[in-house]
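Undergrad: Model the full assembly from the supplied sequences, consistent with the hints where possible.
The numbering of the sequence shown is full-length UniProt numbering, which starts it at 1 and goes up by one.
Hints were generated in silico from the structure; no laboratory data involved.
Any given hint could be a false lead.
Unchecked claim - Derived lysine-lysine pairs resembling DSSO-like cross-links, with alpha carbons at most 30 Å apart:
id, residue 1, residue 2
1, K48, K284
2, K476, K375
3, K230, K94
4, K94, K48
5, K230, K121
Stated by the list, open to error - What follows is a set of in silico ranges between Cβ atoms, one per label pair, in the way DEER data are often shown:
id, residue 1, residue 2, range
6, L172, N256, 36 to 46 Å
7, N256, K230, 17 to 27 Å
8, R249, T306, 46 to 56 Å
9, A516, K180, 51 to 61 Å
10, K377, E268, 57 to 67 Å
11, G166, N233, 13 to 23 Å
12, K180, G262, 49 to 59 Å
Using N, Cα and C, we set each Cβ at its ideal position, and we do this for glycine too.
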Amino acid sequence: MTFFKTLLATILGFFISMGICFILFLIFISVMISSVVGGAKGEEVSVKDNSVLELSFEEPLVDYGERITFKDFDYTSESYNGLNATLKAIENAKTDKRIKGIYLKSTGNIGGLAFAQELRKALEDFKTSGKFVLAYSDEISQLDYYLQTVADKVYISQLGSVALRGLSSEVLFFKGLQEKSGVQMEVIRHGKYKSAVEPFLDNKMSDNNRKQLTELLSAMWNVIVTDIAKSRNIPVEKLNEIATNVGGRTAQLAKNNGLIDGILFRDEFEQIICDKTGSKSIDKVDFIKIEDYAEAVVGKATGKHTKNKIAVIYADGEIMQGEGRAEIVGNETIIRALRKASDNKDIKAIVLRINSPGGDALASELMHREIEVTKKKKKVYVSMGNYAASGGYYIACNANRIFAEAGTITGSIGVFGVIPNVNALATNWGINAETVSTHPNAQFYSVFQKPTEQFKKEMTESIEQVYTVFLDRVAKGRGKTVAQIDSIAQGRVWSGKEALANGLVDEIGSLNDAIAYAAKDNGLKEYRTVSYPTFEMDFKAMFRRFGANLRGENLRNEMGVEAYEVYQQVKHIAQQRGVQAHLEYDVKLK
1 MTFFKTLLAT
11 ILGFFISMGI
21 CFILFLIFIS
31 VMISSVVGGA
41 KGEEVSVKDN
51 SVLELSFEEP
61 LVDYGERITF
71 KDFDYTSESY
81 NGLNATLKAI
91 ENAKTDKRIK
101 GIYLKSTGNI
111 GGLAFAQELR
121 KALEDFKTSG
131 KFVLAYSDEI
141 SQLDYYLQTV
151 ADKVYISQLG
161 SVALRGLSSE
171 VLFFKGLQEK
181 SGVQMEVIRH
191 GKYKSAVEPF
201 LDNKMSDNNR
211 KQLTELLSAM
221 WNVIVTDIAK
231 SRNIPVEKLN
241 EIATNVGGRT
251 AQLAKNNGLI
261 DGILFRDEFE
271 QIICDKTGSK
281 SIDKVDFIKI
291 EDYAEAVVGK
301 ATGKHTKNKI
311 AVIYADGEIM
321 QGEGRAEIVG
331 NETIIRALRK
341 ASDNKDIKAI
351 VLRINSPGGD
361 ALASELMHRE
371 IEVTKKKKKV
381 YVSMGNYAAS
391 GGYYIACNAN
401 RIFAEAGTIT
411 GSIGVFGVIP
421 NVNALATNWG
431 INAETVSTHP
441 NAQFYSVFQK
451 PTEQFKKEMT
461 ESIEQVYTVF
471 LDRVAKGRGK
481 TVAQIDSIAQ
491 GRVWSGKEAL
501 ANGLVDEIGS
511 LNDAIAYAAK
521 DNGLKEYRTV
531 SYPTFEMDFK
541 AMFRRFGANL
551 RGENLRNEMG
561 VEAYEVYQQV
571 KHIAQQRGVQ
581 AHLEYDVKLK
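TA: Okay, structure coming up:
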């Protein structure tokens with residue numbers, strides 16, 4: 001009898017232990033999915049009456065809040081931290097009686113000027129409802145201030161500041177580092193403005209690069225001060241004077257110069273919110289973050305009851321061959337999305353949303369071809385985000401119509417190749433590489449040996465061929481001659497406004513503008529949008545991405561933000577293979 005009791009207790013204990021392990025496993029998987037899909041919450045989100053929408057962007061704003069299908073779990077998770085979901089949420093809040101207004105808070109995570117422009121337009125439209133938009137922060141970054149000036153009132157705390165000081169871009173050069181380390185980057189390029197590889201060729205900026213960067217920053221600054229001037233009723237000349245003298249470096253200076261409307265403690269601002277919402281105390285006001293609201297309303301909305309659809313395909317990130325994922329534009333993923341949209345009878349038009357600095361030239365060519373094939377069935381329109389440069393422009397140039405924001409960075413029509421060489425380092429360490437081959441050119445390249453003349457010849461021919469094809473694709477897509485395109489190419493970077501003037505884009509406008517144009521152009525009075533792509537991820541890929549996220553976060557914490565960015569820049573260029581059509585500018589507008 002004692003034996004059976006012991007056996008029963010052992011079996012019961014085993015199953016209880018298994019149950020606990022299973023629950024812990026589910027919790028672990030949930031944590032991993034939450035890490036992999038940044039904006040996915042998992043729990044039900046409810047919107048209460050008397051709510052205020054909070055736009056704080058505590059996580060960096062991305063263009064596309066991705067949708068991931070986990071194949072091993074038969075589960076789909078969708079993130080709502082993308083610009084696409086944010087814009088839809090603001091539009092929905094305009095008519096949502098539960099939402100009384102919007103509160104803007106500075107965190108420095110908007111991401112880029114074009115994103116900020118689209119958010120400004122959405123907030124301006126929201127204000128037509130008569131609902132309030134108020135901004136309050138301890139400190140306001142430059143790009144956040146550009147966005148916040150659309151608010152009815154802008155407030156900061158007693159020790160706050162407004163970072164309105166103009167734009168700058170710092171470029172690091174690594175020629176000296178190569179000489180000291182013995183690791184040399186072999187560079188071949190086409191385009192006198194192709195600055196992507198300049199840091200490895202010299203110790204200082206070329207005149208051509210300095211010229212285009214100065215003009216680009218000036219064009220973007222002009223967009224910023226022009227919009228701020230209209231919103232704050234401050235002349236552009238005065239704003240430039242304020243920036244020169246850093247006239248927002250203290251709260252009082254910012255108020256004296258008209259940059260803000262008041263200096264308040266947090267509780268004083270909360271009282272204004274109470275007055276606006278008719279609440280007796282701030283506890284009666286429900287603040288709901290924009291990503292949570294997007295999940296509650298955008299994720300469940302079915303849109304207009306119509307079969308007519310416009311597909312929005314997001315190409316967000318660096319272009320690479322193969323499958324895509326978050327912040328990676330894989331040609332296989334985009335081609336598959338184009339074919340799905342093309343074959344779907346309910347989809348009447350396609351908007352390709354590009355937010356990419358470019359990347360692999362072959363992948364860009366393959367996507368360009370698929371767009372050409374798709375156009376035989378349905379029209380394809382392009383909306384550009386913060387970037388649509390080099391390879392990003394390659395896949396845009398043959399669209400039926402191209403939209404860009406004035407602050408979009410585009411162009412950069414040029415190509416290059418970068419391959420690391422450790423011959424000097426190996427020699428210093430006494431390493432000697434010997435090669436046995438059946439033919440003279442059997443070995444194309446070795447990182448341990450000096451580049452041969454044959455290697456340089458083949459690489460140069462490849463670069464020239466890609467550039468020639470690139471020019472031809474753009475010329476045909478834009479209805480111009482190759483000579484006309486070459487005169488504005490050579491790797492030269494343009495703002496969206498400049499690109500409109502030289503014929504690289506057709507219209508200054510947002511993603512919503514592109515969608516509205518596509519609807520009108522195809523005679524659609526009622527329609528709804530569907531987003532592509534859906535990324536597939538198996539258990540192995542989820543673990544790999546989870547580990548990569550942890551490693552990146554640990555490195556950033558240990559090295560510091562600035563050192564980590566230098567590390568990422570060198571690592572990124574060193575890992576590039578083959579011919580690249582890529583923009584290397586990282587213009588920060590914080």
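Undergrad: Determine for every hint whether it applies to the structure shown.
TA: Going down the list of hints, with the structure as the test:
1. K48 <-> K284: Distance ~10 Å between K48 and K284 Cα, so the pair holds.
2. K476 <-> K375: Between K476 and K375 the Cα gap is close to 14 Å, so the pair holds against 30 Å.
3. K230 <-> K94: Status holds; Cα separation ~23 Å.
4. K94 <-> K48: holds, 15 Å
5. K230 <-> K121: Status holds; Cα separation ~13 Å.
6. L172 <-> N256: 36 to 46 Å: holds, 38 Å
7. N256 <-> K230: 17 to 27 Å: holds, 21 Å
8. R249 <-> T306: 46 to 56 Å: holds, 53 Å
9. A516 <-> K180: 51 to 61 Å: holds, 56 Å
10. K377 <-> E268: 57 to 67 Å: For E268 against K377, whose Cβ atoms are near 59 Å apart, the range 57 to 67 Å holds.
11. G166 <-> N233: 13 to 23 Å: holds, 21 Å
12. K180 <-> G262: 49 to 59 Å: At roughly 54 Å between Cβ atoms, G262 and K180 fall inside 49 to 59 Å, so the hint holds.
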